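A.B. asks: Sequence:
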Amino acid sequence: MASLAEKEREIEAVRDRLHLLVEQKCGNFADREVSELSSYLDRLIVEYELANARQMKGK
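With the numbering used here, the residue at position 22 of the sequence shown is 12, and numbering never jumps.
No lab work stands behind these hints, which were simulated from the structure alone. Treat the numbers as computed from the prediction; the structure is a model and nothing was measured. Glycine included, every Cβ here is placed at the ideal spot set by N, Cα and C. Honestly, I wouldn't trust all of these hints.
Simulated DEER-style distance windows between Cβ atoms [what the hints assert, rightly or not]: (1) ALA(-5) with SER29: 15 to 25 angstroms; (2) SER25 with GLU0: 17 to 27 angstroms; (3) LYS49 with CYS16: 40 to 50 angstroms; (4) MET46 with ASN18: 36 to 46 angstroms.
Think about it this way: if two alpha-carbon atoms lie no more than 35 angstroms apart in a straight line, the pair counts; the simulated DSBU-like pairs of lysine-lysine are [unchecked claim]: (5) LYS15 with LYS(-3); (6) LYS(-3) with LYS47; (7) LYS(-3) with LYS49.
Given the sequences, and given the hints that come with them, work out the whole structure.
C.D. replies: Encoded structure:
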């Protein structure tokens, strides 16, 4: 299982990729690739938040 720090790094890497992709697509947020990467980022953030909540609950 990935640590919170690893999850944070992955989120930031995907966020950077998404930013560049949006620039390449001239701001077209409806583009399929942009939408898919954005959804992936959303899933990563939810996973991070759930893992963080579990960790906080365990303390």
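A.B. asks: Verify the proposed pairing of LYS(-3) with LYS49, using a straight-line Cα cut of 35 angstroms.
C.D. replies: 20 angstroms, holds
A.B. asks: Between the beta carbons of ALA(-5) and SER29, is the distance compatible with 15 to 25 angstroms?
C.D. replies: 23 angstroms, holds
A.B. asks: Regarding MET46 and ASN18, is the given constraint of 36 to 46 angstroms on their beta-carbon distance met?
C.D. replies: 38 angstroms, holds
A.B. asks: Does the alpha-carbon distance linking LYS15 and LYS(-3) stay inside the 35 angstroms limit?
C.D. replies: 26 angstroms, holds
A.B. asks: Given the hinted pair LYS(-3) and LYS47, is their Cα-Cα distance within 35 angstroms?
C.D. replies: Measuring from Cα to Cα gives roughly 18 angstroms; hence the hint holds.
A.B. asks: Is the distance from the Cβ of LYS49 to the Cβ of CYS16 consistent with 40 to 50 angstroms?
C.D. replies: 46 angstroms, holds
A.B. asks: Assuming the hint says 17 to 27 angstroms, is it satisfied by the Cβ distance from SER25 to GLU0 or not?
C.D. replies: At 19 angstroms between Cβs, range holds.
In the structure shown, no violation is registered for any of the earlier numbered hints.
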